[in-house]
Amino acid sequence: MKKQLKGLVNSISYHVVLISISIFFMLPFYIMVVTSFKTQAECFVYPIKWLPDQWNLKAYYDIFKVIPFGKYFINTVFITGANVIGVVLTCPLAAYSLARLEWKGRDLLFFLTIAVMMIPYQVIMIPIFILFSKLKLVGTYWPLILPQYLGVPFFIFLLRQFFKGLPKDLEDAARIDGCSEFSIYSKVFLPLCRPAILTVAIFQLLNSWNDFTGPLIYLTKAKMYTLQIGLQQFKSVHITNWPPMMAASVLISLPIIILFFIAQKQFIEGVTFTGIKG
Amino acid sequence: MRQIRAGFFNKNKKEITGWLFAFPWLAGLITFYIYPLISSIFYSFTAFKGITPEKFNGIQNYIDLVHDGIFWISLKNTFVYTVLVVPASLIFGILLAIILNVKSEGQGIYRVITFIPTLVPVVAVSIIWQWLLNSQFGLVNYILYKIGLPGPPWFGSELWAKPSVALISLWTIGTTVLIYLAGLQDIPKDYYEAATIDGSSAFGKVIHITLPLLTPVIFFNIIMGIIAAVQQFTLPFVITNGQGIPANSMMFYSMLLYKNAFQYFKMGAANAMAWIMFVMIMILTLIVQYTSKKWVHYMGE
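Residue numbers (the numbering used here), protein chains in the order written: chain C, 1 to 278; chain Y, 1 to 301.
Pulled out of the complex, with its shape left as it was, chain C reads as follows (with noise of 0.2 Å):
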């Protein structure tokens, strides 16, 4: 009886931790939602409404009349969506061929991506931008697409550990069969890596929907804008302008935060990764 006691006390408190713990991290969701919905003078009211005195609308059409959120939207999926592809593209190919393949020179490139990865972006930041700058495509998206087509480093390596996990008589099966090399990766070992380019494809996803330092460098004309880069000069000219802009972080916030939930475990494995095998 005592003992059963001392176990209700222990999961009590163990619960009360977390949820204060919890509210630490959920709060501020749940005031950017409500401030949303508020007028603008009731976000000043003090003590602090915990909720409207009426749920409007009105800071969700204020975004648009004040910032082209769809353009932004549509120009943040188009290049989110060009980087996607583009790492699915090039990244396992290269991995394949640092796992699989023996050649001269490979080991050579793999310790070589190794060592990029840890390069902080400032120093290279500058080059590339001279680079872009003298073929004049600075202001277009070409800065910010281009790269992902031609490898991440620190996807390629997670793709060639995975690679490397796989079994030998997978691809000689395919060899006596009569595959070429290209089919053995297309027909056998993509379809294999599929959880792992997913990985891949969920992290790229999010640094490009994210990223806000590639927009501001290289977007010039706002009608190019990411959201990112909208929501920061909307922020800047109206700092206290505050449902619309709660608003708009509902808005950007949101699509991010369904795909976590549609794509849990995908999240979790490719973050666990990199503190493991990093």
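Keep in mind that the hints were calculated from the coordinates and are not lab data.
These figures come from a predicted structure and were not determined experimentally.
Using N, Cα and C, we set each Cβ at its ideal position, and we do this for glycine too.
There could be a bad hint or two in this list.
Not the full set, but computed from the structure, chain Y residues with beta-carbon under 7 Å of chain C [unchecked claim]: (1) Asn-12; (2) Gly-18; (3) Pro-36; (4) Ala-47; (5) Pro-117; (6) Val-120; (7) Thr-234; (8) Val-238; (9) Leu-257; (10) Val-288; (11) Tyr-290.
Chain Y: place on chain C using the hints.
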């Protein structure tokens, strides 16, 4: 003979296929990593303005930086921020991971709740927290007032601006926690069972089993934390609209680097800053690496 030739051909074929498969990445490696890395060193020794042809300038950029007051301010800001945020995330991250690792009802939901803030784009994060940390009508100071504590001015003061950014970083600690959780799961259960038989308390188990066996992951997270803190750019940039206000207290190193490069078009100076940053990261990493021999334990050693 025919077999030998076939073997040779096959070997060659593999060689060529390997090259072909790796070719796009090889081109990417050279164009977007190796070439920029080398030319970045070169640019750091030039008075390059982005428009006029580069002019060799020796170590003048580095000398100018040493004599530039704002350079030292940004360096100090980033250092203070790093010293604040790395230990704070270490302690908070490990505690959170240990709590989330206890088998219990709702464990999955709590883990998801912890992770979700990491998905929010930085611009949205900055909007939400600028409201929460507003000194007049923000929620945090309201709560502090309710429990009888004076609310600091947060982003409004030079003293509190960097702790404010560090606090926001703790809100987006989910990735770090997830890595600690993965590390915790690798600790064999028998260790704990043996400790229970020996009469060890829960606290004793954390000190004598969990923490020592978690040290490789702690080591990894400290290094990643330092790299991220030294490079911190987006949060202070978005919060202050690139101004670094108040009184340059939010002028982080990467922000000054960005401004030098793309607002003042001092590309040479910005590259010099980037190399100083690279060297700093290397030194900090080496220091951690060096001390790690004393405190990182690998299983089976």
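Take the shortest C-beta to C-beta distance between Tyr-290 of chain Y and chain C; is it under 7 Å?
violated (17 Å)
Given Leu-257 of chain Y as an interface hint, is its Cβ closer than 7 Å to any Cβ of chain C?
holds (6 Å)
Is the interface hint satisfied for Val-238 of chain Y? The criterion is a beta-carbon contact with chain C at less than 7 Å.
holds (6 Å)
Minimum Cβ distance from Asn-12 of chain Y to chain C below 7 Å?
violated (10 Å)
May I ask you to test the interface hint for Val-288 of chain Y with respect to chain C, counting a Cβ-Cβ separation under 7 Å as satisfied?
Violated - the Cβ of Val-288 of chain Y stays beyond 7 Å from chain C, reaching only about 14 Å at its closest.
Taking 7 Å as the limit, does the beta-carbon of Val-120 of chain Y come near enough to a beta-carbon in chain C?
Holds - the Cβ of Val-120 of chain Y comes within 7 Å of chain C, reaching about 5 Å at its closest.
Given Pro-117 of chain Y as an interface hint, is the shortest Cβ-Cβ distance to chain C below 7 Å?
It holds, given that the least Cβ distance between Pro-117 of chain Y and chain C is near 6 Å, below 7 Å.
When the nearest CB of chain C is found for Ala-47 of chain Y, is that gap smaller than 7 Å?
With a closest approach of 14 Å, the Ala-47 of chain Y hint is violated.
Using Cβ atoms only, decide whether Gly-18 of chain Y comes closer than 7 Å to chain C, and label the hint accordingly.
holds (3 Å)
Just to be careful: measuring from the Cβ of Pro-36 of chain Y to every Cβ in chain C, is the smallest value less than 7 Å?
holds (4 Å)
Chain C contact restraint on Thr-234 of chain Y - CB to CB distance below 7 Å:
This hint holds: Thr-234 of chain Y lies near chain C, its Cβ roughly 5 Å from the closest one there, short of 7 Å.
When each numbered hint is compared with the structure, violations occur for hints 1, 4, 10 and 11.
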